[in-house]
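Enquirer: Sequence:
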Amino acid sequence: MANSIETENLKKVFGRKNEEVVVIDQLNLAIPKGKCTMIMGSSGSGKSTLLYLLSGMDDPTEGTITIDGVVLDSSSEKKMSLFRRNKIGFVFQDHNLISSLTLKENILVAGYLSKESRKTVKERAHTLMEQLGIASLENRYPAEVSGGQKQRCSIARAMINHPDIIMADEPTGNLNSSTSTQVLDSLIKAKHKDQSVVMVTHDPKSACYGDRILFMRDGQIVDSLIFEEHVGKEERYDMLLNLLKKHSW
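Numbering-wise, the sequence shown is residues 73 to 321 according to this note's numbering.
Hint data in this document are derived by calculation from the structure and do not stem from the laboratory. All values reported here derive from a predicted model rather than from experimental measurement. We treat Cβ as the ideally placed atom computed from N, Cα and C, and that holds for glycine. It cannot be assumed that every hint is accurate.
To be verified - Restraint-style ranges between C-beta atoms, simulated for each label pair:
id, residue 1, residue 2, range
1, THR133, PRO104, 36 to 44 Å
2, VAL294, ASN75, 14 to 22 Å
3, HIS319, THR253, 33 to 41 Å
4, ILE298, GLY87, 31 to 39 Å
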């Protein structure tokens, strides 16, 4: 199976000289195309930093990141911006919707950055909102809907330009269990079969939606777990709990 993302000797350091903190430490990683990869780890393990590096929204101190055969190069912000726009959709924990725009307008703003016609973008936005169960809310503003509905809107915004990779940073971190399930179900259903998902989560139940789990500690991948397609949610959960127990987490 081809890899969607690869890293080689990836390192991220914050601070200077005697105050340096190594957050990502010589990390080598391969994320398969078309799969859902979950990244777990305790607070400070480097999982969110890794996601921002993989998305091109932050630059590594050392090492390389390759996405679909293209090595990320931050020397040209314009090229990086175009690459992210065409290749990656990002879902933030706090949704980051524009409060003065309706849900549909929030999605369309991202879609209009593509080369597709406005008619096509509008049709795509409507289809995504239907798939995510928020079509009836298209004219409401973020302040007028629930947290789960906002997050589903942010997922639609991330998917509007047909990105090859969807990245999500704790997308259910501020939601209750029931709403988290709805959001993750919506994400998986709306995902195209060739799209890759890379998601950071601290929640074992959310992680069980993935095909593969990577466990981080001190800026490195220290363990992993791969689920076969036939394995059900309950069995996945038990397998994951054993992995977490192994790492005293």
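Enquirer: Confirm or reject each hint.
Expert: Here is what the structure says about each hint:
{"no.": "1", "hint": "THR133 - PRO104: 36 to 44 Å", "in the structure": "26 Å, violated"}
{"no.": "2", "hint": "VAL294 - ASN75: 14 to 22 Å", "in the structure": "20 Å, holds"}
{"no.": "3", "hint": "HIS319 - THR253: 33 to 41 Å", "in the structure": "25 Å, violated"}
{"no.": "4", "hint": "ILE298 - GLY87: 31 to 39 Å", "in the structure": "35 Å, holds"}
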